[in-house]
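Here the protein sequences come in this chain order: A and B.
Following my numbering, the numbering of the first sequence begins with 1 at its first residue and continues without gaps.
Following my numbering, the numbering of the second sequence begins with 278 at its first residue and continues without gaps.
Some clues are possibly wrong.
In silico DSSO-like cross-links for lysine-lysine, where the CA-CA straight-line distance does not exceed 30 Å [stated by the list, open to error]: (1) A/Lys87 to B/Lys425; (2) A/Lys87 to B/Lys470; (3) A/Lys47 to B/Lys470.
Only some residues are given here: those of chain B computed to face chain A with a beta carbon under 7 Å [said to hold, decoys possible]: (4) Ala358; (5) Leu376; (6) Ser463; (7) Pro464; (8) Ala468; (9) Ser471; (10) Ser473; (11) Ile606.
Derived from the structure by calculation, the hints contain no laboratory data.
Just so you know, even glycine gets a beta-carbon here, dropped at the ideal spot from N, CA and C.
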Amino acid sequence: MENPANMENAIRTLRKKEKKKKRTTILCGIISIAVFLCVWQLLCTLKIVSGDVLASPLQVIDAIITKIGDPRPDGNTLIENILSSFKLAMIGFFLALIVGLPLGLLMGWYRPLDKLVKPIFELIRPLPPIAWIPIVIVLLGIGTVAKSFIIFFTTFVPIVINSYTGIRETNQVYINYAKTCGYSNWRIFWTIGIPSAMPLAFAGMVIALGNGWGTLIAAEMLASSSGLGYMIFMGRNYGRIDIIIAGMLVIGLIGLGLTTALSKIENYVLKWRINTK
Amino acid sequence: MKKRILSMFLAAAMVFSMTACSGDNKDNSSGKSDGDSITISVHPSGHGLPAYVAEQNGYYEEEGLNVETLVYIGAPPQMEAYQTGAWDIGTTGFGGIVLGVAQKDLKIIGLSIDDGALMGLWTKEDSPIVEAGYNEETGCYGTAKDWKDAEILYTQGTITDILLIKTLDKLGLTIDDVVRTNMDSSPAFTAFKSGSGDMVQANASFYFNAEEEGWVPATTGESQEIFLPCAITASETIIKERPEVVEKWVRAYMKGVQWIKDNPEEAAKMFVEFSEANGVATDEENALKFVNAQVIDIPSPEEQMEYFAEGENGTVLQDRLAEVMDIYIDMGNYTEEEKAALMEEDSYDSSFMEKMVEE
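Generate coordinates for the entire structure from the input sequences, incorporating the hints supplied.
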């Protein structure tokens with residue numbers, strides 16, 4: 001039996017090492033982004049790349065700052081576009097979560113349901129979101145529901161797959177132990193299966209959220225009067241390369257922010273994971 | 278440490294690779310510049326039809342040209358391709374004129390169909406806009422009250438913007454008073470048919486599809502007096518370095534125009550082929566209506582020279598373009614600098630049409 005004080009010291013050292021590693025990772029990230037931006041700026045300043053082809057980082061930053069209060073050229077300010085896209089992405093994501101998470105868990109736990117649903121799911125799974133557009137227009141129109149549906153399909157698949165795989169990987173020893181204790185199948189599913197599936201299910205949610213946010217362009221391609229994808233389209237129609245790159249950058253930054261936030265939520269909700277490591 | 282250096286190197290490499298394929302594309306002569314080879318770009322629409330006719334009827338061979346045709350569904354991809362040096366000569370609408378002539382180095386060397394001729398915002402027969410009746414003064418159906426907050430499905434950045442603004446202006450409204458939903462023509466048509474929106478853009482060949490559906494043109498290019506020709510454009514490089522090739526191509530294109538004028542029924546069949554080969558469905562009956570109503574009116578070289586003649590502030594053509602640009606500038610879509618670039622004398626070259634007139 002190890003001394004608890006030694007254990008605590010070991011954990012403290014481990015945490016310190018982890019913090020240092022994290023700091024190094026962040027620093028490396030900042031340096032590589034800075035190098036990337038400097039090289040990009042240099043290429044534009046020295047006119048190695050034409051301004052018609054690629055706006056410089058400073059022009060893009062200027063476009064972002066200007067767009068905060070200026071609706072030109074697409075008719076909406078940046079904030080309005082962000083809120084519009086955010087609304088779409090969140091509706092699609094939460095719908096996929098509400099439908100996909102229980103479906104994946106139940107499919108993974110109950111074999112008859114798995115046999116029944118899996119063929120349909122496998123059929124739908126490889127379809128790219130853009131392929132849904134013509135049928136979505138006819139069935140759901142061109143409003144928020146229709147666009148959210150496109151995002152729903154992108155986010156639904158990783159949520160189902162990961163929650164399905166997560167619950168299928170539940171340790172059989174725990175299941176057998178629970179059975180020995182007289183737990184019903186439903187109780188085992190609820191108290192052992194679901195918690196076991198959560199780490200993978202959360203990983204699926206992070207992937208889904210990133211995918212969903214990235215599908216905005218496809219969703220807003222359907223029809224739109226606001227949104228970041230719309231802003232990019234309008235930038236293209238009016239030959240504004242700075243607006244196009246600004247839109248791309250904002251999508252990337254918000255996507256990063258969303259997945260980071262979800263990872264934080266995951267760490268908070270699944271705090272107990274540390275005990276199993 | 279090695280890993281950090283490697284990651285920085287990869288970041289730098291990424292920027293280089295991102296920009297490597299672009300470069301400065303002022304030299305837009307295509308890779309096929311030997312002899313009389315040329316790459317052209319068109320849309321699967323009325324201004325692209327004479328080029329298709331020239332190809333099908335062997336006019337390019339007659340001129341000793343080896344032409345590769347690139348078809349783009351709209352101006353943005355067409356002009357992005359131009360930026361990469363994909364083509365030398367192209368026909369395009371107003372959006373393409375701004376993106377290519379004002380923002381790049383393309384020059385207008387001739388004109389094609391009138392974009393305003395078959396342009397309309399359509400609504401359903403039972404809509405309050407139609408029920409309110411047609412107003413001769415405003416040139417549209419409905420009152421300001423009917424139009425307010427109406428959802429209009431159309432492709433923004435095209436000449437339909439001008440139709441909408443002119444109509445709204447007559448009604449005492451602005452673009453902020455309606456909901457503008459950006460969509461391509463084909464999905465917009467389907468969406469409107471399925472019950473979305475209050476009005477839909479149906480221009481060119483779609484005009485007759487809308488008519489067939491029993492829809493009513495709430496406002497049209499004709500009623501709002503929009504008259505704006507599409508353009509034949511060529512790169513500065515090819516005009517300077519191989520003017521004889523440009524001349525041959527213009528001659529072949531104008532032969533195509535003449536053939537369409539002489540054979541509208543055959544031309545309609547060709548338009549169906551041309552559209553379907555490029556993923557735009559149309560039928561022969563509507564194609565014939567379209568040819569007769571729009572394509573047949575492509576100005577002859579003599580008529581084209583009238584556009585290059587002196588107008589109020591510049592040439593007649595420049596005055597037309599300036600009027601439209603002013604509306605876009607008011608909307609915040611384009612800038613005064615872009616208008617100034619479009620107004621430069623250097624952006625036009627009527628010498629090829631002059632030669633066609635002489636011949």
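Do the hints match the structure? See the list:
1. At most 30 Å may separate the alpha-carbon atoms for a hinted pair to count; A/Lys87 and B/Lys425 meet this at roughly 25 Å.
2. Of the supplied pair hints, the one linking A/Lys87 and B/Lys470 holds, its CA atoms being roughly 27 Å apart against a limit of 30 Å.
3. Of the pairs offered as hints, the one joining A/Lys47 and B/Lys470 is violated, with about 49 Å between alpha carbons and a cut-off of 30 Å exceeded.
4. A least Cβ separation of about 12 Å between B/Ala358 and chain A goes past the 7 Å threshold, and the interface hint is therefore violated.
5. Taking 7 Å as the C-beta contact cut-off toward chain A, the hint placing B/Leu376 at the interface holds, the least distance being around 5 Å.
6. Using the Cβ-Cβ criterion of 7 Å, the hint placing B/Ser463 at the interface with chain A is not satisfied: the shortest such distance is roughly 9 Å.
7. Using the Cβ-Cβ criterion of 7 Å, the hint placing B/Pro464 at the interface with chain A is satisfied: the shortest such distance is roughly 6 Å.
8. The closest approach between the C-beta of B/Ala468 and any C-beta of chain A is roughly 5 Å, which is under the 7 Å cut-off, so the hint is satisfied.
9. Annotation: interface hint on B/Ser471 holds; nearest CB of chain A at approximately 5 Å, less than 7 Å.
10. Evaluation of the B/Ser473 hint against chain A yields a held restraint, the C-beta minimum of about 4 Å falling below 7 Å.
11. Hint on B/Ile606 is violated. Least Cβ distance to chain A is approximately 10 Å, over the 7 Å limit.
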